[in-house]
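Add chain B to chain A, keeping to what the hints say.
Listed below, chain by chain, are the residues.
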Amino acid sequence: MGTMGEELVRRMAAGDGDAFARFYDRYSPLVYPLILRIVRDRTDAADVLQDVFWETWRSATTYDPARGTPEAWVVTRARTRAIDRVRSVRRRSETFVAPLDEAIAAAPSETGGDAADRASDRSVVTGALGRLPGPQREVLELAYYGGLTQTEIAERIKQPLGTVKTRMRLGLERLREMMKR
Amino acid sequence: MSHETFDDQVAAYALDALDAGERAAFEAHLAGCTRCESTLRESREALAAVVLEGPAAVPPPDVKAALMRRVAGDATPVHRRTDTRRLWLRGVLVAAAAMVVGGFLTGMFVAARYEAELGRVARETSRLREDLARQEAALQTRVAAYQAIVDLLRDPATRVIAMRGAGPSPTAEGRVVWHETAGGQVLVAKLPPAPAGKAYEMWTIAGGKPTAAGVFQVDESGQAIHRVPPGRGPVDVFAITLEPAPGVPAPTGPIVLASTK
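Taken in sequence, the protein lines are chains A and B.
Taking this note's numbering, the leading residue of the first sequence gets 1, the next gets one more, and so forth.
Taking this note's numbering, the leading residue of the second sequence gets 1001, the next gets one more, and so forth.
So that you can see chain B by itself, here it is in the shape it has in the complex:
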């Protein structure tokens, strides 16, 4: 039989569109066919890419709250049980070996455990060091932003404009510290982190026409400070939308924060 039938079947299988009998037969073939396996893998990636390139929508917040409660109450997650079982099995094996060759293998086993532990500690240390460096860089950026805001506030021409949450994030809050010739800084809070491949984009709107003012991400606590460049004349409204990560020239996504005119 040529492979052509399977090429059709793997496509239908990736779409979960095979009838039950045919599916069982195809699964038997799939188990030993690397060609179909890789076609299936790539098809699933392609279908996932179609889904992921679609616009995002933040789900109701109580879903996450319920999940986090379940996770917190999950005293014996699968991995713990697996680990215990594995350790137990290993214990039996070591004991059996010890009966045959005495304490020699037990010694090796303990040494291996120690080495593994040392390796783990070393990895942990280097991870912590990287974390610290990242935090320090973030802190410096933040201090520079604070300094810029203080400088702006010294100028009597500077205004502070409130932004209100809208659309998918009604509880989000924002302030724009704005100076017509010097530009400004926008501070946001309670925005959910943007999903993968997306970012928040700032807009200044004048005469009904939006002008892009840069993209930014929020930190894990939902906060961000973003600089709005000057040179855009009088602004009627400030707004923030959720957009594809590199930013877009004109808004396409939902407004998450906007100033009231």
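Chain A on its own, in the form it takes in the complex:
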């Protein structure tokens, strides 16, 4: 017995376009705010969203439930593709890396304030991440949403690399604990 998500991926692997439409309806509204928060541009976010879901359709045959839920499968992919996009844009423009405090504060409210922007704002303060001690949350957000490596984070927050590593490990341990409860 699989979950609804697993069942949909199984049917997608068999070439069922309706199952894909339902898979998209189910997960795109959850994944879109994540992508938007990372790439911070509506056109780019829509592009990345399309790439991510196209990949899920093309690679549904290789999905293995033993290696994770469809939720983690699609979210991990979305986060990776969004970060790839941000990095390639940075490389192309060769400009100064946008201040990441901005990435963390998500879209500034004065530029729009529609549902998606507010969504990304709220997720900063509420939820499981919000229950982590500030320093742990900070390194997790800089890595996950900002796409920084641990060395870059250490430089940025002016802490020893070892401290950053430890905060990452403790923060993730705590998130895993919260999920089990």
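Keep in mind that the hints are not guaranteed to be accurate.
[To be verified] Here are the simulated EDC-like cross-link-like pairs (lysine to aspartate or glutamate), alpha carbons at most 16 Å apart as the crow flies:
no., chain 1, residue 1, chain 2, residue 2
1, B, Lys1064, B, Glu1220
2, B, Lys1064, A, Asp51
3, B, Lys1190, B, Glu1173
4, A, Lys158, A, Glu173
5, B, Lys1198, B, Asp1219
6, A, Lys180, B, Glu1053
7, B, Lys1190, B, Asp1236
8, B, Lys1198, B, Glu1053
9, B, Lys1190, A, Asp25
10, B, Lys1209, B, Asp1236
11, B, Lys1064, A, Asp47
12, B, Lys1064, A, Glu55
13, B, Lys1198, A, Asp25
14, B, Lys1064, A, Glu138
15, A, Lys180, B, Glu1042
16, B, Lys1064, A, Asp25
17, B, Lys1064, B, Asp1074
18, B, Lys1190, B, Glu1220
Think of the hints as simulated: they come from the structure by calculation, not from any bench.
Same frame as chain A, but now just chain B:
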């Protein structure tokens, strides 16, 4: 070397925060370490849970339209090619075996294929039967709702109030068939299916104060009929918001439909 270094590395790896050199080294370790494998899996689940518990936002509709066009035009998806390759390989193997032991194995192969096919048909049949039972139950619920609406409309005190799409679903439509003492039914159309873990919640607003009137889901065509219980006095505005699935006591999500006062 103790495993502690790897515990740090697996966390950074799950966050994609290892520098290139360290990442390659860690991946070599990961390939043979079940402990790190399971930590990585659980970390990714936890990070996905953080993302999924955040509020939802419906993406621009042209993304789905473009995807569905690509899917429809995808004449040779990966799975088809894989299947063909596998069948071809199997054909070669069977032929080789047949040369050695004659037609015996070929017979076995055909029988196995038949059995697999029979099993598939049986599974398909039971799936269809379940589908039918589900459809019948849905139909009965719908007939009961229609009956309730007709009964309401017989009463001259019943009003029909239009609701307009708002926020993430500007094209959505709704009608409330409302009777102050008997309660009512709300009919909606063109609402996108709620994302996983979310549901639509109905509100009656009086004197600026919203009162919850139950949660519901829409069907695949974007329609739903939902009963609004009576006993809430005069109502100024009817509204529907997108909320966490069990419903919330006061609205938190975006308004998707509202009546104009």
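The hints, checked one at a time:
About 15 Å separates the Cα atoms of Lys1064(B) and Glu1220(B), which keeps this hinted pair within 16 Å; it holds. For a cut-off of 16 Å, the pair hint linking Lys1064(B) to Asp51(A) stands: about 11 Å separates their Cα positions. Taken as a hint, the Lys1190(B) and Glu1173(B) pair is honoured in the structure, with Cα atoms around 6 Å apart against an allowance of 16 Å. Proximity of Lys158(A) to Glu173(A) is assessed by CA-CA distance (about 23 Å); at most 16 Å being required, the pair is judged violated.
In summary, the hint linking Lys1198(B) to Asp1219(B) is supported, as the alpha carbons are separated by about 14 Å, within the 16 Å threshold. Under the criterion of a C-alpha separation no larger than 16 Å, the hint pairing Lys180(A) with Glu1053(B) is consistent with the structure, at around 14 Å. At most 16 Å may separate the alpha-carbon atoms for a hinted pair to count; Lys1190(B) and Asp1236(B) exceed this at roughly 24 Å. Among the hinted pairs, Lys1198(B) with Glu1053(B) is consistent with the structure: their alpha-carbon atoms are about 10 Å apart, no more than 16 Å.
This hinted pair checks out: Lys1190(B) and Asp25(A) have alpha carbons roughly 13 Å apart, not beyond 16 Å. About 10 Å separates the Cα atoms of Lys1209(B) and Asp1236(B), which keeps this hinted pair within 16 Å; it holds. Between Lys1064(B) and Asp47(A) the alpha-carbon distance is near 11 Å, which keeps this suggested pair within the 16 Å criterion. Between the alpha carbons of Lys1064(B) and Glu55(A) the distance comes to roughly 14 Å, so the proposed pair stays at or under 16 Å and holds.
With a C-alpha separation of about 12 Å, the suggested pair Lys1198(B) and Asp25(A) falls inside the 16 Å cut-off, and the hint holds. Restraint check for Lys1064(B) and Glu138(A): the C-alpha separation of about 34 Å exceeds 16 Å, so the hint is violated. A C-alpha spacing of about 10 Å is found between Lys180(A) and Glu1042(B), which places the hinted pair at or below 16 Å, so the restraint holds. A hinted pair counts as satisfied when its Cα atoms are at most 16 Å apart, and Lys1064(B) with Asp25(A) qualifies at roughly 9 Å.
This hinted pair checks out: Lys1064(B) and Asp1074(B) have alpha carbons roughly 15 Å apart, not beyond 16 Å. Pair hint Lys1190(B) plus Glu1220(B) holds up; C-alpha atoms about 10 Å apart against a cutoff of 16 Å.
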